[in-house]
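Line by line, the protein sequences are chains A and B.
Okay, so the first sequence: first residue is 1 according to the working numbering, each after it adds one.
Okay, so the second sequence: first residue is 1001 according to the working numbering, each after it adds one.
Hints were generated in silico from the structure; no laboratory data involved.
Check before you lean on any hint, since a few could be wrong.
[Unchecked claim] Derived DSS-like pairs: lysine-lysine, alpha-carbon spacing no greater than 25 Å straight-line:
| hint | chain 1 | residue 1 | chain 2 | residue 2 |
| --- | --- | --- | --- | --- |
| 1 | B | 1101 | A | 152 |
| 2 | B | 1056 | B | 1154 |
| 3 | A | 111 | A | 6 |
| 4 | B | 1087 | A | 111 |
| 5 | B | 1101 | B | 1087 |
| 6 | A | 14 | A | 111 |
| 7 | B | 1192 | A | 242 |
| 8 | B | 1101 | A | 92 |
| 9 | B | 1005 | A | 14 |
Next come the chains, spelled out residue by residue.
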Amino acid sequence: MNFTLKIWRQKGAKDSGQFVTYPIKDISSDSSFLEMIDILNNQLVEKGEEPIAFDHDCREGICGMCSMYINGHPHGPENLITTCQLHMRSFKDGDSITIEPWRSSAFPVIKDLVVDRSAFDRIIQAGGYVSVNTGNAQDANNIPIPKTDADKAFDAATCIGCGACVAACKNASAMLFTSAKVSQLALLPQGQVEAKARVENMVAQMDKEGFGACTNTGACSAECPKGISIENIARMNREFIKAKLSSENV
Amino acid sequence: MSWFKDTLTSSIGRKLIMAITGLGLIGFLLVHLIGNLALLAGDGGISFNEYAHSMKGSPVILIGEVVIFSGFLFHIIDGIGLVISNKKARPVSYGGGANAKTSTGSKIMGPLGIVITVFFILHLVDFFYRAKIADDLGLDANNIADLYALVVEKFQSPAYVAIYVVSMIAIGIHLNHGFQSAFQTFGLNHLKYTPIIKFIGTAYAVVVPGAFAFIPLFFYFTK
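Same shape as in the complex, but just chain A (with noise of 0.2 Å):
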């Protein structure tokens, strides 16, 4: 397969970066998107030019690195999938394809496809843990949790931190990222001891990182490659306002 690559390079932060479009041959249809970018970067060595910075890590799917935006798509055209599980057959022979980085004024680009994500780390850390006092473990089914609440809470985990609500979000907003962290913990009656402050500080740090509000245009869930669904940003703002109403964080 045949296809014409316009791809986003970006030499640096400081850089204002451009589209270059590169011709790409003989690729198999059962390449995975991130291989045909490897071929190109093996074809860009061995001519002596820079080859395109990306990001990728376990390329099973699960680690959320490989942040590309894909002819108007985080992760391309296919559902609930990420870049790395991504094949060209999935394109048709001779297709022009726009690969270009997250955007968002809280994901800088480093170089080329690179962003730095370390925001999302940055909301996890201001709430996205629970406190547990040392001592012997106690039995597991000591706390009854109902399966219902299980399955909701580890649908919400599911969440691989990719950024491609953010990417795919018309105000890049971190709303559906923020509420599957929110969720997960508290639909669990281990959340609920700092239920209120990880919300309200959690939130807080979300707005500080500079991502957009919500419209609930929907388009992070259907870009999702886990496909959290949107009842989650329902679930943060309904927590939200209780915290706010009742927390003593004046």
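Dock chain B against chain A, hints included.
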């Protein structure tokens, strides 16, 4: 009170202001429509003029007006602020477009808001100002201000009728997203009730602006 300020200036708090004022304004539209139905009574405007006259002078009405105007003001100012900060969150736009599936109208709430605000100002200048502030209308058979005659006169112009109909379509699209979005902002998302809320929102967004749009069309084609 810093917690109060923090709440209302947070991203969720600003959405709450949009949701509360938005739902209030949606409610106002229905009250306004019910009053306007007097235009269609077919009695040459007698009952409409009486209704318009009853809207003057009472302190209850005055308080209502202050609340409604504040609602518009907060909704518009907060909306502009959100659009600005949301734009700032993505300083560089995508070259390859944005092709995610989204709900109807949700991506153009800001532009629709501008259309509606322009219409709102035009509507205030042409009717509210003339009837309430300038008070320069002629008198009808009952010796009260003949607002009905002004309505009939205004809706003889096809361009004016077109502006009204287009604005009502904009309000319909705005409400279709806004109504259900407000409940999501309040955190009221439920498998049982969200589909009902969406249905009510869409039905309201079709029926109420539709009825408002019918009035200028009725006067244009029958008078």
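Hint check results:
1. B:1101 <-> A:152: holds (24 Å)
2. B:1056 <-> B:1154: holds (22 Å)
3. A:111 <-> A:6: Judged against 25 Å, a Cα distance of about 16 Å means the pair holds.
4. B:1087 <-> A:111: Since the Cα atoms of residue 1087 of chain B and residue 111 of chain A sit roughly 23 Å apart, the hinted pair holds (cutoff 25 Å).
5. B:1101 <-> B:1087: With Cα atoms ~20 Å apart, residue 1101 of chain B and residue 1087 of chain B stay inside 25 Å; holds.
6. A:14 <-> A:111: Holds: residue 14 of chain A and residue 111 of chain A sit about 9 Å apart, inside 25 Å.
7. B:1192 <-> A:242: holds (22 Å)
8. B:1101 <-> A:92: It holds: about 21 Å lies between the C-alpha atoms, which stays within 25 Å.
9. B:1005 <-> A:14: violated (36 Å)
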